[in-house]
Amino acid sequence: MYTQAMDLGPKEERKAVRSAEEAELERRFDETIDAGGFIEAKDWMPDHYRKTLVRQISQHAHSEIVGMLPEGNWVTRAPTLKRKAILLAKIQDEGGHGLYLYAAAETLGVSRDQLLDALHSGKAKYSSIFNYPTLNWADIGVIGWLVDGAAIMNQVPLTRCSYAPYARAMVRICREESFHQRQGFDALNVMMREGSAAQKAMVQDAVNRWWWPSLMMFGPPDGESVHGAQSARWGIKRISNDDLRQKFIDATADQAKVLGVSLPDPLLKWNAERGHYDFGPIDWDEFWRVVGGNGPCNRERLAARVQAWDDGAWVRDAALAHARKQATKEEAA
Amino acid sequence: MNTSTTATTTRSEWPLWEIFVRPKAGLDHKHCGSLHAPDAKMAVQMAREVYTRRQEGSSVWVVRSSDIVASDPGDKDMLFDPAEDKVYRHPTFYELPEAVNHM
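Sequence order for the protein chains is A and B.
When we follow numbering that gives the first Met the number 0, the leftmost residue of the first sequence carries the number 0, and every step to the right adds one.
When we follow numbering that gives the first Met the number 0, the leftmost residue of the second sequence carries the number 0, and every step to the right adds one.
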């Protein structure tokens, strides 16, 4: 799932092109991009393109991995065996998506250990949506419907990203993501159709809490997006943050009616002239506060992730020791 | 595929494997991605978990990434362009009389 704050990070200065040979390589690279072509791992690419991709793909991978945590909270408390099996399958998918993406980032010349170090030391970002808590069972449904729904909007254009290993990973991810969104809506729908008044209130409460953070997943408004223009030029980002956000609002506003919940925005209103829903102002101060590390669960999430990694160290070491022992035995035989 | 992460440069990291999946009997194995695993047996097991959770395959191959020899992208023109002017290698090059054109 889960892109969002992907174009957040320090702005890097572009180096002046050094040699005539490099200028020629850059010209051919630009030509490929302009023709809508793909760049493969071993093709020449500008340093800045490589850096931008490493940052974006690794942030995306981290988001998948951290995204397992808020859902993991509910595995033991899922209301039925069916919902538990679905939730486990979804969480396993998120882990798989993280792995596809780490592998795509590694084709750019960074190692898995470097990527994980950046996450665990707090240097790398992940989608801030996971710094919000999952307080009740309906939160799991809402994460599927709204959070995965927003992620799909963000991710579908990435299947045509100019960097081919990333685009291929995104094709696989998008194929699986649709199940995530549908199971979420289904879980909420059952609560709204068959649930008690308290269960319906639970759904509304979850929607109220997740609506605005979901809209923030598309990143800052186009005018303030640090890397937007360059990423668009390179075919890394094909549709702007604001356009994707509008598309998401238009789709979900209608879905909310089917579900029978209200969205917590008094200014949300169909605008026939624009052919879109108008919506109220987004609290960007909150967004930057959470990105900056001060959301409700930033510390808890990172601590849980680091602990999982540290607790698993002996398993990784044992598997490697076993493999070495077997290899030595084979050589001796 | 990653060439920079080999067993010699990162001792503590599990080596990288390339994964090939045969979607069903009768079709070729196709490259579908890579993963880290300590040995071949674990690589097969993990390939099953990572790449075939929804019946995407009936067989997997795993190959150490460092064992794959690839052509140099810089040689692309030299290796693959010469075929471009040999259109007579394609059946569509030949215009046959209408009556037999579907042979």
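Just so you know, the hints here were simulated from the structure itself, not pulled from any lab data.
Don't take each hint at face value.
What follows is a set of in silico ranges between Cβ atoms, one per label pair, in the way DEER data are often shown [as the list claims (entries may be wrong)]:
id : chain 1 : residue 1 : chain 2 : residue 2 : range
1  : A       : Glu329    : B       : Leu26     : 25 to 35 angstroms
2  : A       : Asp29     : B       : Ser57     : 41 to 51 angstroms
3  : A       : Pro132    : B       : Glu48     : 41 to 51 angstroms
4  : A       : Lys41     : B       : Lys29     : 16 to 26 angstroms
Each residue gets a CB set at the ideal place from its N, CA and C atoms; glycine is no exception.
Each hint, compared with the structure:
1. A beta carbon spacing of about 32 angstroms between glutamate 329/A and leucine 26/B agrees with the range 25 to 35 angstroms that was offered as a hint.
2. Between aspartate 29/A and serine 57/B the Cβ separation comes to about 43 angstroms, which falls inside the hinted range of 41 to 51 angstroms.
3. Judged by the Cβ atoms, the range 41 to 51 angstroms given for proline 132/A and glutamate 48/B is violated: they are separated by roughly 29 angstroms.
4. For the hinted restraint 16 to 26 angstroms between lysine 41/A and lysine 29/B, the CB-CB distance of approximately 19 angstroms keeps it satisfied.
When the structure is compared with the earlier hints, a violation turns up for hint 3 alone.
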